[in-house]
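Novice: Now for the letters of each chain:
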Amino acid sequence: MAEATVATKVLDHIVRSIVDNPDSVRVEAVDDDGVIILEVRVADGDLGRVIGRRGRTAQNIRALVRAAAEKDGVEVDVDFLDD
Amino acid sequence: MEWVTITAATMEDAKAMALDQLGVAAEDAEIEVVEEPKPGLFGRMRGEAVVRARVRPTSTRESTRRDRGGERSERGDRRGGRTRQRPRNGERRRERGPSDRSADDEAPRREDAPKVPVTTVRDAATTFLEGLFAAADLSARVESSIDGDDIEIAVHGDQLTMFVGARGMTLTQLQDITRVVSQRRLGDHDTRLRVDVGGYRQRRKDALGRFAQKVANDVMETGTPRILEPMNSADRKIVHDTLATVEGVVTHSEGDDPFRRVVVSRAPGA
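These protein sequence lines are chains A and B, in that order.
Letter by letter, the first sequence follows residues 1 to 83 of the working numbering.
Letter by letter, the second sequence follows residues 1 to 270 of the working numbering.
Okay, chain A solo, but in the shape it has when bound (with noise of 0.2 Å):
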């Protein structure tokens, strides 16, 4: 599987810098058919502050992750869990 290094390091970065509990971000790459979705899981509080008021948090971070992904040459997702 094609690897999303930047795009993965620029998507914890923006999650650690939202949340209150920074340690508790992972991100792990997941192939889905040719598309790499990267699943950002967040401590339990922490995913309506990643989400923000109507997803436009998460609109905001999808698009500057997609963004960072073309330094990767792949494409992205980027999926919001909670533990």
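Hints in this document: simulated from the structure, not taken from any laboratory.
Now the in silico label distances, taken between C-beta atoms and shown as ranges: (1) B:Asp218 - A:Ile37: 54 to 62 Å; (2) A:Asp33 - B:Gly255: 52 to 60 Å; (3) A:Gln59 - B:Asp206: 29 to 37 Å.
Even for Gly, the Cβ is constructed at its ideal location relative to N, Cα and C.
With chain A fixed as given, assemble chain B onto it according to the hints.
Specialist: Same frame as chain A, but now just chain B:
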């Protein structure tokens, strides 16, 4: 809090421009649609997108939290956790007494909430952006300037265009995330934060300035005043400021937002 009214070709642009002018994260803005462009003949859009926006008053925060669901009951614990587990913020936190903490970002009365130092917001935004560009493996220099409650952050470097995007869309999203990370996280309600990457906004500003200069030349030549297209206040200011230094023309604005326009006319006696 004051409302701003923005007119643009599309709803997306109007909303982005409104946030731009307010200088706060989308989460902290209240945006109302005044008018939507309507589909006309041949798939063209008629009319313009008009939105009204303001900084969300803190007193309505409590109710907006409700639709985020499931996290209210944990707030007390999380707050405690934050101070313990984020040592790098500990220093800043200590500037405010423990009693202030509850006023942090749920403060129902804006006046009573201690003001977050503008430099603290600037530092948080700078740290975030430096880390972001480092994570993206790009060498970038982050510079900032503060003017009252206005914070301008400019990121310089090569190959930064991937964070600008088509028509500055990615830059707008980056700016919004930066506001969430700095203003919102710190419970700041006073600053206006703008982010530029690779001089994109500066170039747009320069282009508008050149356009204004060209109009001024026409007006001086013909003597006929020119009424410009309606613009938002930020853009009108660029036109006024640019032409303030040009001899032979004067500018003023006419009409009410969203249709307020700059008029460029020959200076009396010129």
